[in-house]
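For the sequence shown, counting from 1, position 30 maps to 30 in my numbering; every step adds exactly one.
Take these hints with a grain of salt, some might be off.
[Said to hold, decoys possible] Here are the simulated SDA-like pairs of lysine to any residue, each with C-alpha atoms no more than 25 Å apart in a straight line: (1) LYS29 with MET10; (2) LYS29 with ASN17; (3) LYS29 with CYS15; (4) LYS29 with HIS18; (5) LYS29 with ASP14; (6) LYS29 with TYR19.
[Said to hold, decoys possible] What follows is a list of derived Cβ distance ranges for each label pair: (7) GLY2 with GLN30: 41 to 49 Å; (8) LEU3 with GLN23: 25 to 33 Å; (9) ILE22 with GLY2: 27 to 35 Å; (10) GLY7 with THR27: 28 to 36 Å; (11) TRP24 with SER4: 26 to 34 Å; (12) GLU26 with ILE6: 27 to 35 Å; (13) VAL5 with ALA25: 38 to 46 Å; (14) SER28 with GLY7: 25 to 33 Å; (15) GLN30 with LEU3: 39 to 47 Å; (16) VAL5 with GLU26: 28 to 36 Å; (17) SER4 with ALA25: 39 to 47 Å; (18) SER28 with ILE8: 29 to 37 Å.
Hints are computed from structural coordinates only; laboratory data are not their basis. Small disclaimer: the values here were computed from a predicted structure and weren't measured. Beta carbons: idealized from backbone N, C-alpha and C, even for Gly.
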Amino acid sequence: MGLSVIGIWMTVVDCQNHYRIIQWAETSKQ
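Please take these sequences and the hints and turn them into a complete structure.
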């Protein structure tokens with residue numbers, strides 16, 4: 001159970017990191 005919670009948390013963090021990278025790429029284009 002603890003492992004699945006960590007897995008979900010890591011997935012959420014990974015999605016947030018992808019979103020920040022996309023945002024940074026968009027702002028650096030301008």
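Status of the hints after comparison with the structure:
no. : hint                        : in the structure
1   : LYS29 with MET10            : violated, 29 Å
2   : LYS29 with ASN17            : holds, 18 Å
3   : LYS29 with CYS15            : holds, 21 Å
4   : LYS29 with HIS18            : holds, 17 Å
5   : LYS29 with ASP14            : holds, 23 Å
6   : LYS29 with TYR19            : holds, 16 Å
7   : GLY2 with GLN30: 41 to 49 Å : holds, 43 Å
8   : LEU3 with GLN23: 25 to 33 Å : holds, 30 Å
9   : ILE22 with GLY2: 27 to 35 Å : holds, 31 Å
10  : GLY7 with THR27: 28 to 36 Å : holds, 31 Å
11  : TRP24 with SER4: 26 to 34 Å : holds, 30 Å
12  : GLU26 with ILE6: 27 to 35 Å : holds, 31 Å
13  : VAL5 with ALA25: 38 to 46 Å : violated, 31 Å
14  : SER28 with GLY7: 25 to 33 Å : holds, 31 Å
15  : GLN30 with LEU3: 39 to 47 Å : holds, 42 Å
16  : VAL5 with GLU26: 28 to 36 Å : holds, 32 Å
17  : SER4 with ALA25: 39 to 47 Å : violated, 32 Å
18  : SER28 with ILE8: 29 to 37 Å : holds, 31 Å
The structure fails to meet hints 1, 13 and 17 from the earlier list, while all remaining hints are met.
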